[in-house]
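Undergrad: Order-wise, the sequence lines are chains A and B. Start counting the first sequence at 1; every next residue gets the next number (full-length UniProt numbering). Start counting the second sequence at 1; every next residue gets the next number (full-length UniProt numbering).
Don't take every hint at face value.
Stated by the list, open to error - Within a straight-line C-alpha distance of at most 25 Å, the following computed SDA-like cross-link-like pairs (lysine to any residue) qualify:
1. Lys-75/A - Asp-317/B
2. Lys-107/A - Arg-15/B
3. Lys-75/B - Lys-107/A
4. Lys-197/A - Ile-12/B
5. Lys-277/A - His-384/B
6. Lys-277/B - His-273/A
7. Lys-75/A - Gly-316/B
8. Lys-197/B - Glu-238/A
9. Lys-277/A - Gln-274/B
10. Lys-75/A - Ser-11/B
11. Lys-277/B - Ala-297/A
12. Lys-277/B - Lys-86/A
13. Lys-197/A - His-384/B
14. Lys-163/A - His-273/B
15. Lys-75/A - Gln-325/B
16. Lys-277/B - Lys-277/A
17. Lys-75/B - Lys-163/A
18. Lys-75/A - Asp-9/B
19. Lys-75/B - Asp-16/A
20. Lys-197/A - Asn-324/B
21. Lys-107/A - Lys-135/A
22. Lys-75/A - Ile-12/B
23. Lys-277/A - Ala-193/B
24. Lys-197/B - Ser-260/A
25. Lys-86/A - Gln-325/B
26. Lys-277/A - Leu-34/B
27. Lys-86/B - Asp-16/A
28. Lys-75/A - Lys-197/B
29. Lys-107/B - Asp-14/A
30. Lys-75/B - Asp-143/A
31. Lys-277/B - Gly-154/A
32. Lys-197/A - His-273/B
33. Lys-277/B - Asp-16/A
34. Lys-135/B - Asp-16/A
Keep in mind that the hints were calculated from the coordinates and are not lab data.
There are 2 protein chains.
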Amino acid sequence: MTDNTYPLDISIHDRDTPFLLLDSSKLERNVARLRAHTARFGVPLRPHLKTVKSVEAARLILADGTGPATVSTLKEAEVFSAAGCKDLIYAVGIAPRKLARVVALLKEGTDISVILDSIEQAHAVARYSREAGVKIPALIEIDSDGHRSGVVPGDALLIEIGKILHNEGAELRGIITHAGESYHCKTLQAHQAMAEKERAAAVACADALREAGLPSPVVSVGSTPTAHFSEDLTGVTEVRAGVFTLFDLVMTGAGVCQTSDIALFVVATVIGHQHQKGWIMVDAGWMAMSRDRGTAAQEVDQRYGIVCSMEGEPLGDLIMIDVNQEHGILALRPGSQQTLPTLPYGSRVRILPNHACATVSQHGEFAVVRDGSEHIEALWPIIHGW
Amino acid sequence: MTDNTYPLDISIHDRDTPFLLLDSSKLERNVARLRAHTARFGVPLRPHLKTVKSVEAARLILADGTGPATVSTLKEAEVFSAAGCKDLIYAVGIAPRKLARVVALLKEGTDISVILDSIEQAHAVARYSREAGVKIPALIEIDSDGHRSGVVPGDALLIEIGKILHNEGAELRGIITHAGESYHCKTLQAHQAMAEKERAAAVACADALREAGLPSPVVSVGSTPTAHFSEDLTGVTEVRAGVFTLFDLVMTGAGVCQTSDIALFVVATVIGHQHQKGWIMVDAGWMAMSRDRGTAAQEVDQRYGIVCSMEGEPLGDLIMIDVNQEHGILALRPGSQQTLPTLPYGSRVRILPNHACATVSQHGEFAVVRDGSEHIEALWPIIHGW
Chain A
1 MTDNTYPLDI
11 SIHDRDTPFL
21 LLDSSKLERN
31 VARLRAHTAR
41 FGVPLRPHLK
51 TVKSVEAARL
61 ILADGTGPAT
71 VSTLKEAEVF
81 SAAGCKDLIY
91 AVGIAPRKLA
101 RVVALLKEGT
111 DISVILDSIE
121 QAHAVARYSR
131 EAGVKIPALI
141 EIDSDGHRSG
151 VVPGDALLIE
161 IGKILHNEGA
171 ELRGIITHAG
181 ESYHCKTLQA
191 HQAMAEKERA
201 AAVACADALR
211 EAGLPSPVVS
221 VGSTPTAHFS
231 EDLTGVTEVR
241 AGVFTLFDLV
251 MTGAGVCQTS
261 DIALFVVATV
271 IGHQHQKGWI
281 MVDAGWMAMS
291 RDRGTAAQEV
301 DQRYGIVCSM
311 EGEPLGDLIM
321 IDVNQEHGIL
331 ALRPGSQQTL
341 PTLPYGSRVR
351 ILPNHACATV
361 SQHGEFAVVR
371 DGSEHIEALW
381 PIIHGW
Chain B
1 MTDNTYPLDI
11 SIHDRDTPFL
21 LLDSSKLERN
31 VARLRAHTAR
41 FGVPLRPHLK
51 TVKSVEAARL
61 ILADGTGPAT
71 VSTLKEAEVF
81 SAAGCKDLIY
91 AVGIAPRKLA
101 RVVALLKEGT
111 DISVILDSIE
121 QAHAVARYSR
131 EAGVKIPALI
141 EIDSDGHRSG
151 VVPGDALLIE
161 IGKILHNEGA
171 ELRGIITHAG
181 ESYHCKTLQA
191 HQAMAEKERA
201 AAVACADALR
211 EAGLPSPVVS
221 VGSTPTAHFS
231 EDLTGVTEVR
241 AGVFTLFDLV
251 MTGAGVCQTS
261 DIALFVVATV
271 IGHQHQKGWI
281 MVDAGWMAMS
291 RDRGTAAQEV
301 DQRYGIVCSM
311 EGEPLGDLIM
321 IDVNQEHGIL
331 ALRPGSQQTL
341 PTLPYGSRVR
351 ILPNHACATV
361 SQHGEFAVVR
371 DGSEHIEALW
381 PIIHGW
């Protein structure tokens, strides 16, 4: 892909706060780890770029910098395609009015698959394929875990959709599923069972298509937890995951990573103290962190994030207990016996976020460092909009 | 201010979803209502532009389109100043490294005040004023309700900060407070009491400054609820409020407005159904709505928003019960006896958001209609970043 990084000569102590800090060395380690895991089974990764939303980050994440990849918006598809990534799945159920942009990408040479789970969508995709003179590649979404969308395994709807796509002008590519419920698994055994459930459902549906005389060259599975805990990928042709690239406190709480694996921080400045209350005020609120409270239902509620030193080490029990738009309140966890750290007016902290995808999307760019350096090497723009 | 609207000829049924819809007629009515209320007391509004983050919206909100106004970031200050709004308060406790940008605005002719609540900040502002040769206007923040930042009324710290500012090179402008706890008031009496508490605390602190021989020309109070329910503004020189311009479900739940006053919608397309579960899937998730769950603690939890027809009328008990990044799940409220509305694949809905500030910031621009028209008159860009 093309290189449009923005070289920069500034330290993390000098850039105006709040800003988003990415340790690209951690990102590379996270990617290498999962790539090695799925390679054991001979299955390639198709990383989901909805987490980083950055062409420059994608260059480090994708196998040869060009794909395959997964996207969550057509805007991402268009930006990544323009940057040279020509093998995409748009992994949100296709809306009829979006088919024109899909066809435009196909005609420009990007292999982009849509996903769907209904007769109505299959007819829309087949009809649009015929009208446009382009066989739109389509994957049938399977609901492997009751989480969200998809055809329930065993439902005759699967074959009906497959036949419409295959016989009426589209290109039936196969099966896709995402076991989003894996985010709520609490034990290694539960994670492994969820990964197997996801795999088995997808493979069974692909087999059902084949038994009906329909093609299913692709059997695409994945979520960050199931991707890491899979012990068997028989019948699977690719694994998708997104948040594993940066990781976050939700993934730490789910047992998928350590806090030291998290590549993403929000840097904030201390702007005040409410001494009687044990509060330290910073200039990062929900606008910088997001309103995501994904750890609220986990064993340890991290509120709006774990507070770290500017070296990236957690400051004991100090967390961001509450936020307003541009204010964050730092305090010790409820019940902590520790002493509030001394963080004078004007000092800086790094905050580990609950949900990397949500926090990234609040910012215009990543300030990128390597190996914990204080030197910002580049600013990488983040894609917004649809 | 300058006019950089983007004229457009498209209907709300044709623009790609999800997108942000603003009914500018409702915005104008909301602004006129509050302006009339505070005018009864002879007190001007200083609207907070952190909600709309739009130059074009500010033209409708500000008295003569130029100010006075409140901002939550220096980026907003710089954009609104460039657009001709030259009377600003930057209403987040000032960080030392941000003083250079404040002084740059002052030197360009923008009257921008900073706010602060500590000795350390007062010294920093006074020192920077002397070094820059510009008396930086500063307001002392008062904690009128225990909500967040500010000097507690009665604390001798107030006079100490005032003396540093006044005697050591800055310009002591007076007092500012924000009764953010008003968002949690549940009755008219509670709202009125909170408004009076906010007023009385600010006026008492201004009087304390004056008794110490210090100036306090400005006594600035406000939050959307206290601004609407104030019955006395004696001693107050200006009222600030932000979310009243657009309103949202949190303000509806707090009894400040009706759902029909809300000027903001997210438009989404139906992309699927999980019929057994009574779920309708749409292409707007938390990326379009935000993760804000401000109604969760209110009497009626609206989950991620109330679902309306494309005419803007609520569809009975249909709400957005859950979201993922680019997926929303619509379903009837828990316990509803209604029948799920028929919303076929490809149909569109408008969703009323929990928190206008949070939802706006997820988007690149407003699609603007007037008086419930289907015709989008303009796209107004939204300011991002810091």
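Undergrad: Please go over all the hints and tell whether each is borne out by the structure.
TA: These are the hints, each one checked on the structure:
Only pairs whose Cα atoms come within 25 Å are accepted, and Lys-75/A paired with Asp-317/B is rejected, the gap being roughly 33 Å. Note on Lys-107/A and Arg-15/B: the hinted pairing holds, with a Cα-Cα distance of about 22 Å set against a maximum of 25 Å. For the hint linking Lys-75/B to Lys-107/A, the alpha-carbon distance of about 40 Å lies beyond 25 Å, and the restraint is violated. Between Lys-197/A and Ile-12/B the CA atoms are separated by roughly 42 Å; this puts the pair beyond 25 Å, and the hint is violated.
With a CA separation close to 32 Å, the supplied pair Lys-277/A and His-384/B exceeds the 25 Å bound. A C-alpha spacing of about 48 Å is found between Lys-277/B and His-273/A, which places the hinted pair above 25 Å, so the restraint is violated. For the hint linking Lys-75/A to Gly-316/B, the alpha-carbon distance of about 33 Å lies beyond 25 Å, and the restraint is violated. Proximity of Lys-197/B to Glu-238/A is assessed by CA-CA distance (about 61 Å); at most 25 Å being required, the pair is judged violated.
Taking the CA atoms of Lys-277/A and Gln-274/B, the gap is about 48 Å. The hint is violated against a cut of 25 Å. Proposed proximity of Lys-75/A and Ser-11/B is supported: the alpha carbons are some 21 Å apart, at most 25 Å. This hinted pair checks out: Lys-277/B and Ala-297/A have alpha carbons roughly 23 Å apart, not beyond 25 Å. In summary, the hint linking Lys-277/B to Lys-86/A is not supported, as the alpha carbons are separated by about 37 Å, beyond the 25 Å threshold.
A distance of roughly 42 Å separates the Cα atoms of Lys-197/A and His-384/B; the hinted pair therefore is violated under the 25 Å criterion. Distance hint between Lys-163/A and His-273/B is fulfilled; the C-alpha atoms sit about 20 Å from each other, no more than 25 Å. For the suggested pair Lys-75/A and Gln-325/B, the alpha carbons sit about 14 Å apart, so the restraint of at most 25 Å is met. The hinted pair formed by Lys-277/B and Lys-277/A fails the criterion: a straight-line CA distance of about 46 Å is larger than 25 Å.
Of the supplied pair hints, the one linking Lys-75/B and Lys-163/A is violated, its CA atoms being roughly 54 Å apart against a limit of 25 Å. Simply put, Lys-75/A and Asp-9/B have alpha-carbon atoms about 21 Å apart, close enough for the 25 Å limit, and the pair holds. Restraint check for Lys-75/B and Asp-16/A: the C-alpha separation of about 11 Å stays at or below 25 Å, so the hint holds. With a C-alpha separation of about 21 Å, the suggested pairing of Lys-197/A with Asn-324/B holds against the 25 Å cut-off.
Using a Cα cut-off of 25 Å, the hinted pair Lys-107/A and Lys-135/A holds, with the two alpha carbons roughly 10 Å apart. A C-alpha spacing of about 19 Å is found between Lys-75/A and Ile-12/B, which places the hinted pair at or below 25 Å, so the restraint holds. Restraint check: the Cα-Cα separation between Lys-277/A and Ala-193/B comes to about 24 Å, which is no more than 25 Å; the hinted pair holds. For a cut-off of 25 Å, the pair hint linking Lys-197/B to Ser-260/A is broken: about 46 Å separates their Cα positions.
Proximity of Lys-86/A to Gln-325/B is assessed by CA-CA distance (about 23 Å); at most 25 Å being required, the pair is judged to hold. For a cut-off of 25 Å, the pair hint linking Lys-277/A to Leu-34/B is broken: about 34 Å separates their Cα positions. With a CA separation close to 23 Å, the supplied pair Lys-86/B and Asp-16/A stays within the 25 Å bound. A threshold of 25 Å between alpha carbons decides the hint, and for Lys-75/A with Lys-197/B the separation of about 48 Å lies outside it, so the pair is violated.
A threshold of 25 Å between alpha carbons decides the hint, and for Lys-107/B with Asp-14/A the separation of about 23 Å falls inside it, so the pair holds. For the hint linking Lys-75/B to Asp-143/A, the alpha-carbon distance of about 44 Å lies beyond 25 Å, and the restraint is violated. Annotation: proposed proximity of Lys-277/B to Gly-154/A holds, straight-line Cα distance about 17 Å (limit 25 Å). Proposed proximity of Lys-197/A and His-273/B is supported: the alpha carbons are some 23 Å apart, at most 25 Å.
Pair hint Lys-277/B plus Asp-16/A does not hold up; C-alpha atoms about 48 Å apart against a cutoff of 25 Å. Taking the CA atoms of Lys-135/B and Asp-16/A, the gap is about 22 Å. The hint holds against a cut of 25 Å.
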